[in-house]
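Build the full structure now, drawing on both the sequences and the hints.
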Amino acid sequence: MKAAWIVSICLLTSSMAAAQREATLKVGVKSYTASELLKRPEIESITVKHDPAYGGREMHYQALGAAALFAETNLRDDEVMQVRCLDGFVASISKERIMRTGPGQSIAYIAIEDPKSKWPGLPLKPTSGSAGPFYLVWLKPELSGILQEEWPYQIVAFEVKGRLRDLYPRIFPKHQEDVRVARGLKLFQQTCLACHTMNQQGASQVGPDLNLPLNPTEYFKEAVLPRYIRNPKSVRSWEGSRMPGFGPETFSDEDIANVVAYLKEMAFEKPHTD
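Mapping to this note's numbering: the sequence shown position 141 is 141, numbers consecutive.
Because the hints were derived from the structure by calculation, they are not lab data.
Every residue, glycine too, gets a C-beta built ideally from N, C-alpha and C.
Among the clues, some could well be false.
Unchecked claim - Beta-carbon label-pair distances, calculated as ranges:
(1) E58 to G207: 25 to 33 Å
(2) R163 to G247: 27 to 35 Å
(3) G88 to E218: 22 to 30 Å
(4) A182 to P120: 35 to 43 Å
Here it is as structure tokens:
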């Protein structure tokens with residue numbers, strides 16, 4: 001009897017330890033384990049035709065519609081979600097963008113890695129494991145112009161924040177009358193803010209600040225900066241560099257010009273420092 005009791009305690013302890021080790025996704029104030037999400041009736045089998053985390057190859061996932069899961073957090077209309085990943089990458093994604101479900105729009109899904117059936121390792125980061133345990137993927141990303149930085153993988157949390165303007169007011173230029181500056185700001189929010197800060201504001205610590213102490217427009221020649229944005233390795237390269245290139249399928253020449261216009265404006269709007 002005593003032996004059976006000891007075995008039961010050991011099994012219970014082992015089960016509890018396994019549960020504690022299981023990957024958990026935090027969405028706002030709620031937390032979900034991978035196995036819990038995989039058992040939900042809304043789970044779908046989806047196919048991503050050109051997966052950016054896997055070098056553009058076709059991948060198949062068990063996934064939940066992001067809009068359905070985030071609806072449980074009772075988000076306000078003006079709130080922003082910040083996606084935090086294991087490697088320190090942080091992406092700020094607007095509620096409007098990630099909650100879309102209508103026809104003619106890209107649809108966001110949270111792909112969930114089955115603990116019993118792991119995904120392949122990342123081809124560009126062979127020592128970093130797979131894209132799991134949670135990965136934000138999109139179906140028909142071309143419909144809404146989804147950028148590569150909006151595919152965060154190895155996600156640990158979706159943190160619900162307030163309005164981006166309230167969170168980081170110093171990323172917004174005082175003068176946005178120039179359409180190019182306004183468009184560049186939008187592209188900066190969607191792409192650059194995922195890795196960089198502006199005027200020391202932003203959540204990510206992956207790349208350097210883009211205005212302090214110097215703005216890229218202050219140390220790159222005017223003809224070189226667009227080239228650097230398009231293909232950083234064509235300008236400078238080192239082993240630890242993490243700056244991705246932005247091909248024409250991501251940024252048009254006009255898009256790059258708009259980002260540069262925004263950066264030029266921000267060079268005149270540095271905060272006063274002691």
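Status of each hint after checking the structure:
no.: 1; hint: E58 to G207: 25 to 33 Å; result: 30 Å, holds
no.: 2; hint: R163 to G247: 27 to 35 Å; result: 31 Å, holds
no.: 3; hint: G88 to E218: 22 to 30 Å; result: 26 Å, holds
no.: 4; hint: A182 to P120: 35 to 43 Å; result: 41 Å, holds
Comparing the model with each numbered hint stated earlier shows that all of them hold.
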